[in-house]
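Undergrad: From first to last, the protein sequence lines are chains A and B.
Going by our numbering, the first sequence opens with residue 13, and the numbers climb by one from there.
Going by our numbering, the second sequence opens with residue 371, and the numbers climb by one from there.
All the pointers check out, no bait thrown in.
Below 25 Å or equal to it, Euclidean Cα-Cα: the simulated DSS-like pairs (lysine-lysine) are:
1) B:K427 to B:K449
2) B:K465 to B:K427
3) B:K429 to B:K439
4) B:K465 to A:K69
5) B:K465 to A:K43
6) B:K479 to B:K433
7) A:K30 to A:K69
8) B:K412 to A:K43
Because the hints were derived from the structure by calculation, they are not lab data.
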Amino acid sequence: EADIYQTPRYLVIGTGKKITLECSQTMGHDKMYWYQQDPGMELHLIHYSYGVNSTEKGDLSSESTVSRIRTEHFPLTLESARPSHTSQYLCASSDIRYGYTFGSGTRLTVV
Amino acid sequence: EDQVTQSPEALRLQEGESSSLNCSYTVSGLRGLFWYRQDPGKGPEFLFTLYSAGEEKEKERLKATLTKKESFLHITAPKPEDSATYLCAVQASGKNDMRFGAGTRLTVKP
Chain A
13 EADIYQTPRY
23 LVIGTGKKIT
33 LECSQTMGHD
43 KMYWYQQDPG
53 MELHLIHYSY
63 GVNSTEKGDL
73 SSESTVSRIR
83 TEHFPLTLES
93 ARPSHTSQYL
103 CASSDIRYGY
113 TFGSGTRLTV
123 V
Chain B
371 EDQVTQSPEA
381 LRLQEGESSS
391 LNCSYTVSGL
401 RGLFWYRQDP
411 GKGPEFLFTL
421 YSAGEEKEKE
431 RLKATLTKKE
441 SFLHITAPKP
451 EDSATYLCAV
461 QASGKNDMRF
471 GAGTRLTVKP
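So here's chain A without its partners, still in its complex pose:
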């Protein structure tokens, strides 16, 4: 079944640690996105990619980086986690007809 997978689902980590949030999709979509979502707030675009070796920053500067070496894989890396990074991170890929397909998210807590 075509889908989009995010790991880990939950992560608690100390300040200053480097972390990578994984995102993979099996639908062959070229376009992929990372959004940040806080409770009761709108989703904010962090990064997006239109294909292999193509990445752009979104509206929200989150001090994170992404890479797109393979079509199906779009990991997000925080070089030095801070408490302000505590949030839910959602990965998505898109098809023009059906909008985005989202993963289940990673809930990150930085202590």
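Guided by the hints, dock chain B onto chain A, whose structure is given.
TA: Only chain B this time, still in chain A's reference frame:
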């Protein structure tokens, strides 16, 4: 700048009590308006895409409509399992990303 405003922020209904959720938007050329359902602890799930004013889409107890300035998500005879946050998003012409609203948190009591 593209903007999406959803109202109300929260809505509590009795089972069977029909109502509507509003999504007001401003966008420089609408490519598509999307409705999603999000359950706690999960990613948003696609419901509908609307492309032009006057268009309507239906799925079970949900019906989405679109005008040039807003979209409505009508819920007919809701059930407790319809409880969720409903998100609206717009995609502008020439862009591939979307602008999301903050959502309406719907609670349906039995």
